[in-house]
Every structure is written in C-alpha cells, then in structure tokens.
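Student: Just so you know, the sequences run in chain order P and E. Quick note on numbering: the first sequence equals residues 1 to 172 in our numbering. Quick note on numbering: the second sequence equals residues 1 to 163 in our numbering.
Worth flagging that the hints you see were computed from the coordinates, not collected in a lab. Here the structure is a predicted model, which means the values were calculated and not measured. Honestly, I wouldn't trust all of these hints.
In silico EDC-like cross-links for lysine to aspartate or glutamate, where the CA-CA straight-line distance does not exceed 20 Å [as the list claims (entries may be wrong)]:
(1) P/81 to E/128
(2) P/141 to E/152
(3) P/105 to P/163
(4) E/147 to P/48
(5) E/162 to P/29
(6) P/51 to E/155
(7) P/26 to P/160
(8) E/25 to P/52
(9) P/141 to E/128
(10) P/81 to E/155
(11) E/161 to P/172
(12) P/141 to P/78
(13) E/4 to P/29
(14) E/162 to P/52
(15) E/162 to P/33
(16) E/151 to P/77
(17) P/141 to E/56
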Amino acid sequence: METRVSRTLVAVAIALGLATPLLHAKKVEFPADDPAFTFTMPDDWTTETGKDGRVYCTAPAGFKIGIIASPGVSDADDARKLLTTVLKGMADAMKCENYKSEEAKTNELGKLSLVSRHGQCKSEGIEMALNAAVFALEPGKYFTIVGAAPEKVDKAHRKEMSELIRSIAAVE
Amino acid sequence: MKMKLLLAVLVAAALITPAFGKTFKVPDETPVASITVPDSWKSKEIDKGIEAQSGDGEVYFAVEATDAKGLEKTIEEAVEYLKGEGVTVDASTMKQTEGSVNGMKGVDITWNGKDKEGAAIISLTVLEVSDDAALMITYWASPEGTKKHDKELGEILNSIKKV
Numbered sequence: 001m002e003t004r005v006s007r008t009l010v011a012v013a014i015a016l017g018l019a020t021p022l023l024h025a026k027k028v029e030f031p032a033d034d035p036a037f038t039f040t041m042p043d044d045w046t047t048e049t050g051k052d053g054r055v056y057c058t059a060p061a062g063f064k065i066g067i068i069a070s071p072g073v074s075d076a077d078d079a080r081k082l083l084t085t086v087l088k089g090m091a092d093a094m095k096c097e098n099y100k101s102e103e104a105k106t107n108e109l110g111k112l113s114l115v116s117r118h119g120q121c122k123s124e125g126i127e128m129a130l131n132a133a134v135f136a137l138e139p140g141k142y143f144t145i146v147g148a149a150p151e152k153v154d155k156a157h158r159k160e161m162s163e164l165i166r167s168i169a170a171v172e
Numbered sequence: 001m002k003m004k005l006l007l008a009v010l011v012a013a014a015l016i017t018p019a020f021g022k023t024f025k026v027p028d029e030t031p032v033a034s035i036t037v038p039d040s041w042k043s044k045e046i047d048k049g050i051e052a053q054s055g056d057g058e059v060y061f062a063v064e065a066t067d068a069k070g071l072e073k074t075i076e077e078a079v080e081y082l083k084g085e086g087v088t089v090d091a092s093t094m095k096q097t098e099g100s101v102n103g104m105k106g107v108d109i110t111w112n113g114k115d116k117e118g119a120a121i122i123s124l125t126v127l128e129v130s131d132d133a134a135l136m137i138t139y140w141a142s143p144e145g146t147k148k149h150d151k152e153l154g155e156i157l158n159s160i161k162k163v
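One chain only, chain E, in its complex shape:
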C-alpha cells in the first residue's frame, strides 16, 4: 500500500508540472536570470540572452541581459531589429504598465503596429534583476498569436527567475 500511495503522489506531481521545456541561462556565460521555453518553440542563444519563436511563427520574443549603462543601447538595438524586420508601431496606442515578475520590478511598454503580414503587437519590457543588472524582453506577435499562446506566454514569463 505504501508504494501505491507514493506512486499516487508522484503521479499527481507529474500531472501538475509536466515537462514544460528547456531552461536557458541569461546570458549563458555570466547569468543573471534563467528562463524556460516550451520544447515546441524554436529557441536559440543570442549574444546576451535568448530569442524564441512559437512553432507557428506567430510569436517572437527575445530576452537579453543588460545593465543601467547599457540599457539605452539595448533598447536602440531592439528597435533597430524590429525596424529591420519591417515592424512599425502606432505611437498613439502606447500603453505603459508597471508590475513585477518573481520579485523583479518591471516596466512594460506596448504598442499596436504592423509588420509585413499585417497587424502586430509589439512590446518592450525591462525587468530590474538587481541594482546593476536588468533584463530586456522584446516581444513581437500577431494579435491572434498573442491570444493563442497566451497561456504559454504566461508560463514563460513566470519561469523568468534571478540566478
């Protein structure tokens, strides 16, 4: 009976936290944070973090480590990347929200915009990891993709942790 009880609890645990995905350190060599991305997403390490795209290509995001001095440059690079991909934003739709993720205070700025395939949602989020380290999340997705992957995106966001 004890084995059955143990098995029941182990099965319950497995049902609660099914294998969610791969965990990356951000950045890989001198990590300040970690993030888990579902296996079904295409993920790869970039210079100071990772970028990932949903399997259907509807959602893209990048998470990069930066610091107070480098934040402005990181934002400029993200904006340049989005411009290079043909993404434009409607400045009048800008929404700024503040919040926290796993104890990290953050600011998010979201716009509606367009890309080569139509309507898009774009956001830049900065999370304060410590006094001298931050994460910048660049998000670019179709409205449909945002809705479809809402739950996974919530899980990805909740997986971001300081290390």
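So that you can see chain P by itself, here it is in the shape it has in the complex:
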C-alpha cells in the first residue's frame, strides 16, 4: 500500500513533508492575469502561459506539467470523474499500451484539499507515469495539475513536485 501511494503526487508530497524547501525557487502566480494562488518552482524551470491562463512548467530534462483552472469541477466527485478522463486522455494521446490506473485518492495538505490519481502505460517501449491532481483552495474553486513522463524522469522529479505542491498558497 505504501509503495502504491508513494506513486501519487500527493503521497510524495506528504512523504517528503519534512524535506528542506528548495534553496533556489521562483514564485509563480496563477493565473497570471488574476492570481488565485502562487506556487514556487526551481529556478531552472521555465513557464509558458497558454489558453485560458493555463501554465505549463518545464524542467531542463524535459519534465513537463500543466496547471489548469477547472471550472467544470464543483466537488470531489467531479474531480474523480475528471481525473479518470484526463489520465485516459493522456494515455490515448501518447498511443499508450497496457494503460492502467490506481484508484483516486483524497488528501488534505494544509489548507489544500487534493484528489489525485496515478496511471501507468507503455509508449514506444518506455514505461510512462501519468499523474493528475485536482485541488481546491476554497470550496467550489478547483484547479488541476497534470503531468506525463517516463517513469525514471517522473521519479527523478518527485521531490521537486512535492515542493511545488506544498508551496501552493492562496492569494489573499
């Protein structure tokens, strides 16, 4: 159970809860035009802003995540349905084989309420990790973080992702 949980973004965040904060991190506001929250990410990561204020963060090794406002989500049940759709959508986009996913998990992380789900599949012979987490900083206002990467790359970035999620703070 411990192993399975540790594969999720949330569990990693919790498992590394006592890790020291990133020494070099930059703060990002989301969305840029009317910030609802801020988060920090390593200095060497870059951001791009997309449609509807989406933010894509990319690490030097190519590890990429998307942060997206989720107006269609109004409660945890909606979040679970969305995660199912999103993980399958990512697997399909990569023409994955052997797609499988774990059950969605719900966690509280400080003031953050998260529902997360982890999936796995194989693309071009490479084991892939698919992660998505929906969170709310206040009731009814949801956001989603998604990421897809080769398992090895995903594992190498778990600590950074943990720090990023832990740094999420509402803009007062």
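With chain P's structure known, arrange chain E on it following the hints.
Tutor: This is chain E only, laid out in the frame that chain P set:
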C-alpha cells in the same frame, strides 16, 4: 518522445477546460466584470450588462452593472421586468444568504413563485465589485430548469470576475 509528452499535457488541459462559451464584459463599454455563458445559451447584451436564456428556455438570468446610488433603481427595474413577464413571488418563502464569488462579497435573496407556465424560482443577487461598483443578477427559472442546468449555472457563476 518529448512531442508525445507535450501532446499528452495539452490534451489533458483541453479535457479539463473544454470550450465553455462566450465571455462578455459587463457593461460592454466601461466594464467592471466579465462573465462567460455557454454557447448553447441565447445571450445578448443589454443596457448595462447581459441577459441569457438556456437553450430550452427554462432558465433566464441577467447580469447588470450598477453602483451604490443606482442599486435601488436597478432592483426596481428588475422587479418591474419580472412583473411584466407575469412573475409573482411568495413573500413567505424568501431566503437571504450571504457569500462571495471570486472574491466579491454578495447577498442573494431567493423566492419561490409562479410565472405563466407554473412554479418558478426567482432570485436577486448583488455582488460588490468595488466600493462604488456592483453587479446585480436577476434569476428566473423553473425548478426543473434550475435542477437540470445546475452545473452550468455553477460554472457561469464561477466565471464572473472583476476586470
């Protein structure tokens, strides 16, 4: 592989925020707020905002900009509009709730009532955009329409933002 990963993230983003609708400024010329209405709804700009009706005609709402001085008049006009449409309210059913939408404090008053087609739900909501600007939302729908469009209405409400 990098292209596939990028594609996966882009697809995920598109699944999370599918094209929801058209965004209006309220009011159009000197906007204090914006609102997004699904494409399947009939929407049009009015004097100080917009009005919209669900595709099945079961839900109507209008969002108008006003200010402290003009609020009373805006409410009177909304009530007159509803009366003109044959809407009556049962005063004993009045419920007042306070809350906030995207940082804007608001007060909502809801009644059960009737219109020409039967039972209706009517509400007037005032959102404080700033010290001297507010939005008034007039809502009129059948109970069935309210239930059926509940999710869209939540998305519409969450789309209201200060500009």
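Student: It remains to establish, for every hint, whether it holds in the given structure.
Tutor: Hints, verified against the model:
Of the supplied pair hints, the one linking residue 81 of chain P and residue 128 of chain E is violated, its CA atoms being roughly 34 Å apart against a limit of 20 Å. About 14 Å separates the Cα atoms of residue 141 of chain P and residue 152 of chain E, which keeps this hinted pair within 20 Å; it holds. A hinted pair counts as satisfied when its Cα atoms are at most 20 Å apart, and residue 105 of chain P with residue 163 of chain P qualifies at roughly 19 Å. Proximity of residue 147 of chain E to residue 48 of chain P is assessed by CA-CA distance (about 39 Å); at most 20 Å being required, the pair is judged violated.
With a C-alpha separation of about 17 Å, the suggested pair residue 162 of chain E and residue 29 of chain P falls inside the 20 Å cut-off, and the hint holds. Between residue 51 of chain P and residue 155 of chain E the CA atoms are separated by roughly 18 Å; this keeps the pair inside 20 Å, and the hint holds. Taking the CA atoms of residue 26 of chain P and residue 160 of chain P, the gap is near 12 Å; set against the 20 Å cutoff, the hint holds. A C-alpha spacing of about 16 Å is found between residue 25 of chain E and residue 52 of chain P, which places the hinted pair at or below 20 Å, so the restraint holds.
With a C-alpha separation of about 19 Å, the suggested pair residue 141 of chain P and residue 128 of chain E falls inside the 20 Å cut-off, and the hint holds. With a CA separation close to 17 Å, the supplied pair residue 81 of chain P and residue 155 of chain E stays within the 20 Å bound. Taken as a hint, the residue 161 of chain E and residue 172 of chain P pair is honoured in the structure, with Cα atoms around 15 Å apart against an allowance of 20 Å. Restraint check for residue 141 of chain P and residue 78 of chain P: satisfied, since their Cα atoms lie roughly 12 Å apart, inside the 20 Å limit.
Of the supplied pair hints, the one linking residue 4 of chain E and residue 29 of chain P is violated, its CA atoms being roughly 27 Å apart against a limit of 20 Å. Distance check on the hinted pair: residue 162 of chain E and residue 52 of chain P sit about 16 Å apart at the alpha-carbon level, within 20 Å; holds. The straight-line distance between the Cα atoms of residue 162 of chain E and residue 33 of chain P is roughly 11 Å, inside the 20 Å bound, and the hint therefore holds. For the hint pairing residue 151 of chain E with residue 77 of chain P, the CA-to-CA distance comes to about 13 Å; that is within 20 Å, so the pair holds.
Pair hint residue 141 of chain P plus residue 56 of chain E does not hold up; C-alpha atoms about 27 Å apart against a cutoff of 20 Å.
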